[in-house]
Amino acid sequence: MKGWAGAALLLLLPLLTGCWSLKEPEELGIVAAMGVDALSGGGYRVTLEVAHPSGLSKAAGGTGGGGKTASAYYLSEDAPTVYQALKRMPHVLARQVFWSQTRVLIVGEPLAKRNLLDAVDLLARGEQTRLEMPVVVGRPTAAAVLHLKPLGESLIGNAIVTQMHNAARVAAYRATSLNDVLEAAPEEGIDPLLPLVGNQLGYPAVLGSALLRGGRMVDTATPAESTGILWLRGEIRPGAELSVPFSDTGGRTGNLGLTVTGAQVRIGGDPAQGSPLSARLEVKAEVMEADVTGFALTPTNLMQMDRAIARRVLGQVEKGLAAIARSRSDPVGFGRYLHRFHPASWRQVKATWYRHLNRLPVRVNVSPEVSRSHMTTGTPGIWPGKTRGI
Amino acid sequence: MERIPSFAWSILLIVCLFATFGLFGMFWILSVTGRDFWIAILLALPALLPLLLWTRFAMPSPRPGSLLRAVAYALAAAYFLLLSVMTVHVMNDMMGTLLEETPAVAIALPFLAVVVYAAHSGLEVVARLAVLVLPVVLMGFGVILVLALPLVDPGNLLPILDGGWGPVFRSASLIAAWWTGFILLAPWVERERSQPACSCRPLLLGFGTVALLLTLLGGLLVGIFGLRLQVVTYPVFVLSRMVNISHLLTRFVSLAISPAFLGVFLMATLFLWGSSRAAADAFHLADNRPLLLPLGFWALFFVLHGFPGKMALVSFLQQTFPVVALILGFLVPLLSWLGRTPQVRP
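The listed protein sequences derive, respectively, from chains A and B.
Heads up: the first sequence begins at 141 in my numbering, then just goes up one per residue.
Heads up: the second sequence begins at -8 in my numbering, then just goes up one per residue.
Chain A extracted, bound-state conformation (with noise of 0.2 Å):
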């Protein structure tokens, strides 16, 4: 009986090789960008870039030489569905669609505008999604910027990609993934900040960003409103820079360009309990540069630094506080932070919240700490002696 069992087991075996629902790379239209657009009779238009790897492979200078051959493809197809579209594209494609490598999924103005969040379900649902894609709102459409010529790369999901990991460094704008976007949604009190991409000069680049109520598109936030928002989401990533105007006690002035080495906020206050909203910043920087004749850091300077940092911050944070009062959409999550850690608050304000927010009064305190100048403590021509520095 164990020898039939056992031969029965060995004629299995060769069913444990291979590979199961296998797909052939050459049979796979592999999506770099997704652009998703509203119609204006109802449904949507799915753009696709498919990279085309031979093509990349020539644009990069790889060996094959001759002809012209294009690094990506572009597909459109109108569906009432975003899933019926991407159903139909092998019809032109000759390819199986396969959106596991989408580096990016952009969202046309007007469908954000509708609603976000019903271009997403489907990507949502898909096995094959990967959630830390990038979505981005695309101005005009999202089939306009996925026509765009990037500077420097060949595919336009590499593009924006590569333009979301460099966001750290100018504090404008941060990447939001698909998984943060479906993360808000469910939540009370706080929405999604998606990057505006769009046409700056020919190229595709970040215009600033899309401010949501719900999964709704109501305002757009320029950089500088933009980077006051990410003060008080504590989004602002060690390396971001930072310029200041400054004007030390001799009365010299010029600026100067710090690099944020750690922002955390903590929002506090309860306004029902007649205490208003409040954010504590704490920002840590070092100089990286001082356009200021004759700079020398002493303790005086170190704290009129620290002033400067203080005032700036603080305009940043204003303007971001004014764009959320005037698109009435809550980025920050002032509306969790009630609903967290004020609950009974929260249900008072709850339904008229987005209303309150034209209005919401916000006390922001900021604490800077400048902690390194790097190799030198005064600009050229300062030294001990001349100007006693620390």
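Hints are supplied without guarantee of correctness; some may be wrong.
Claimed, not checked - Label-pair distances were calculated between CB atoms; the ranges are: (1) C191/B to G379/A: 43 to 51 Å; (2) A97/B to G402/A: 48 to 56 Å; (3) L179/A to L136/B: 42 to 50 Å; (4) V137/B to S511/A: 42 to 50 Å; (5) S511/A to M302/B: 51 to 59 Å; (6) W156/B to S511/A: 25 to 33 Å; (7) H496/A to C191/B: 49 to 57 Å; (8) L123/B to A147/A: 24 to 32 Å; (9) P299/B to H496/A: 41 to 49 Å; (10) L149/A to Q310/B: 53 to 61 Å; (11) H496/A to L136/B: 34 to 42 Å; (12) N306/A to T206/B: 39 to 47 Å; (13) C191/B to E164/A: 39 to 47 Å; (14) G342/A to G155/B: 52 to 60 Å.
None of these hints come from the bench; they were simulated from the model.
Ideal Cβ placement from N, Cα and C applies to all residues, glycine included.
Assemble chain B onto chain A, guided by the hints.
What follows is chain B alone, placed relative to chain A:
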């Protein structure tokens, strides 16, 4: 002679309940209770105690007896078969989601064939396998824990009891109902262990450990997903797509699946064995093994045709199953007790 140590029975419980929770509990329990899931888990435990004591009192050691007992054991056999079917059905659905083009029968048939073979080998083999599998399950959980910790936002656990106690109690009843199967099965397991009476200790140890582990896992997942957890079908697999380790560990999904797969295998085997044991007692059969193959075919049939799809199963689990489970949990020991043969005093 005690062939199956007490700790092995506890470990079997732990592996069955903990390893499979990523497949089962999440989409039908968490969708009810949301972020207060951990409270529901802790509430379910004391709720099971009266049932445990009642089963121990009314059905200390199942033996063939009167017609009432036969009815009780037949009901138990059907219930265990249902639990086995649901276990394999969920696993089949999950594999179908990952391998879209694979026919359901290609997954369920070989799986149930191995389950029948393992159940044929007896409970001792299953229990010892659970002891071997436990480190794999805990290791898988440990790796997930380490990789997922940076994604946890403790703020997602707040506010507590946002929806009131209602959903929490409902969720606790679902958990208790699911665990009822193990309480009912315990007398047969104890008989296999050659224990004179149903012992509560291994069950309490198993349930207690599972409750603690699930509270931890639930807290972790709520911390990561927030309210979105209520609509995520298989959180551990979604998590594997959120953890950005594609260059480090490309087979993270496999790592996440392995413990669940082992847990499903052990749980399906345990309940199929229980079903055959209870059916053998109902029909006064000395050996349960001849029943395994027909029960396996029934299980295969129900897996493929019992529920039209996952949504039908979820609907059943949330609405009908708790009532059925709690009624059977009370009724089977009651019928068994009523149908007992009076002791003849010398």
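*Regarding C191/B and G379/A, is the given constraint of 43 to 51 Å on their beta-carbon distance met?*
59 Å, violated
_For the hint 42 to 50 Å, verify it against the beta carbon of V137/B and that of S511/A._
Between V137/B and S511/A, where Cβ atoms are some 30 Å apart, the hint is violated.
*asked:* Holds or violated: the 51 to 59 Å window for the beta-carbon distance between S511/A and M302/B?
replied: 56 Å, holds
_Just to be sure I understand the hint, the distance between the Cβ atoms of L123/B and A147/A should be within 24 to 32 Å; is that true here?_
26 Å, holds
*Given a hinted range of 39 to 47 Å, is it respected by the beta-carbon distance of N306/A and T206/B?*
42 Å, holds
_53 to 61 Å was suggested as the range; check whether the CB atoms of L149/A and Q310/B agree with it._
Distance hint for L149/A, Q310/B is violated at roughly 41 Å.
*Hint check for L136/B and H496/A - Cβ pair distance inside 34 to 42 Å*: 39 Å, holds
*Evaluate the given range 39 to 47 Å for the C-beta pair formed by C191/B and E164/A.*
Given a distance of about 57 Å, which is not inside 39 to 47 Å, the answer is violated.
_Outcome for the supplied range 41 to 49 Å, where the beta carbon pair is P299/B and H496/A_ = 47 Å, holds
*Could you say whether the range 48 to 56 Å given as a hint is met by the Cβ separation of A97/B and G402/A?*
Cβ of A97/B to Cβ of G402/A: about 54 Å, so the range 48 to 56 Å holds.
*Could you see if the CB distance from W156/B to S511/A stays within 25 to 33 Å?*
About 49 Å separates the Cβ atoms of W156/B and S511/A, which means 25 to 33 Å is violated.
*asked:* Assuming the hint says 49 to 57 Å, is it satisfied by the Cβ distance from H496/A to C191/B or not?
replied: 55 Å, holds
In this structure, the hints that do not hold are numbers 1, 4, 6, 10 and 13, in rising order.
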